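As you go down the protein sequences, you meet chains L and C in turn.
Residues in the first sequence are numbered from 392 upward in steps of one, following my numbering.
Residues in the second sequence are numbered from 392 upward in steps of one, following my numbering.
None of these hints come from the bench; they were simulated from the model.
For clarity, every value in this text was computed on a predicted model and none was experimentally measured.
Wrong hints could be hidden among the right ones.
Because identical chains share one entry, a pair is satisfied inside a single copy or across any pair of copies.
Said to hold, decoys possible - Derived SDA-like pairs (lysine to any residue); straight-line CA-CA distance at most 25 Å: (1) Lys-447 to Lys-459; (2) Lys-447 to Ala-526; (3) Lys-439 to Arg-464; (4) Lys-449 to Ser-408; (5) Lys-418 to Asn-394; (6) Lys-447 to Met-416; (7) Lys-439 to Asn-394; (8) Lys-419 to Leu-494.
Each chain, letter by letter, is given below.
2 protein chains.
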Amino acid sequence: MNNNLTRHLKTKSGLNSLTLDDILMSKKLASLGDAFVNFVYSIALSEKLGEPVGAKVKSQILADALRKAGLRRRLPSRTDRHTQGDAAEALIVYAWLQDILTLSEAVQVIEEKAEEPVEAFTTLLTQIEKRLAAA
Amino acid sequence: MNNNLTRHLKTKSGLNSLTLDDILMSKKLASLGDAFVNFVYSIALSEKLGEPVGAKVKSQILADALRKAGLRRRLPSRTDRHTQGDAAEALIVYAWLQDILTLSEAVQVIEEKAEEPVEAFTTLLTQIEKRLAAA
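Could you build all of it, start to finish, from the sequences and the hints given here?
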């Protein structure tokens with residue numbers, strides 16, 4: 392299923408021409424990614440618990456996942472935790488915007504390991520990187 | 392299009408038996424609703440601007456929309472602004488969870504009036520209430 396929510400964004404924003412390093416450093420993608428990641432995590436957690444709950448994913452969790460997925464080394468060595476978290480958010484929402492990953496797939500991956508969010512986001516980032524490399 | 396992200400939540404959480412007043416007062420729905428509303432607004436704004444951006448919807452905006460949609464009077468008169476915003480968030484995500492409104496519809500309604508968020512959320516809440524009343 393393609394993501395039809397963001398047709399205008401896809402054609403206008405020049406996302407197609409971004410390299411992986413551009414994506415990881417994009418503050419604009421990180422800004423939208425924050426909303427996306429919190430929504431995905433909240434849905435996954437609600438599904439797991441069987442009751443509605445909202446949750447924010449901390450920078451530390453996303454920074455750890457970025458490192459475990461082997462993507463931390465793409466950022467300058469002094470990059471702080473928050474910026475590492477931003478990079479993870481940017482890549483995740485990019486994958487969704489570009490139809491590399493559906494919303495439903497993202498929720499499923501996170502839900503499977505909802506109690507271990509670092510593992511959950513590591514799996515998600517690893518899957519995205521594989522698909523990007525194969526594209 | 393039905394929302395297939397929340398199958399477990401639908402069957403387990405007893406959402407079906409809630410009255411409109413229950414929904415508006417549900418802190419659990421408000422908690423998930425916060426993530427949902429920020430995601431919808433961020434997508435709508437990104438589409439409008441043609442570039443990725445994340446944004447949080449302030450309680451004041453949702454409280455104003457709740458009043459304009461005629462739903463404020465369902466809450467106790469001393470209810471504060473934040474709790475009024477929570478009520479709006481709870482109702483919006485309830486409508487999505489119950490397939491009264493799709494994610495795509497929500498984004499479209501907000502996108503049409505993205506520069507006037509109070510109007511945008513008033514329209515959304517009014518539409519939800521109408522559909523609930525007709526169901």
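Evaluation of the provided hints:
For the identical chains of this complex, Lys-447 and Lys-459 are intra-copy neighbours only, at 20 Å inside a copy versus 30 Å across copies, given an alpha-carbon limit of 25 Å. For the identical chains of this complex, Lys-447 and Ala-526 are neighbours neither inside a copy (31 Å) nor across copies (33 Å), given an alpha-carbon limit of 25 Å. Taking identical chains as interchangeable, the C-alpha atoms of Lys-439 and Arg-464 are never at most 25 Å apart, the minima being 33 Å within one chain and 34 Å between chains. Taking identical chains as interchangeable, the C-alpha atoms of Lys-449 and Ser-408 are never at most 25 Å apart, the minima being 29 Å within one chain and 34 Å between chains.
Only within a single protomer do Lys-418 and Asn-394 lie at most 25 Å apart by alpha-carbon distance; the minimum there is 22 Å, versus 30 Å between protomers. Within a single copy, Lys-447 and Met-416 get their C-alpha atoms as close as 21 Å, and across copies as close as 22 Å, so both meet the 25 Å cut-off. With identical chains, the CA atoms of Lys-439 and Asn-394 are at most 25 Å apart both within one copy (24 Å) and between copies (16 Å). For the homomeric pair Lys-419 and Leu-494, the shortest alpha-carbon distances inside one copy (19 Å) and between copies (22 Å) are both at most 25 Å.
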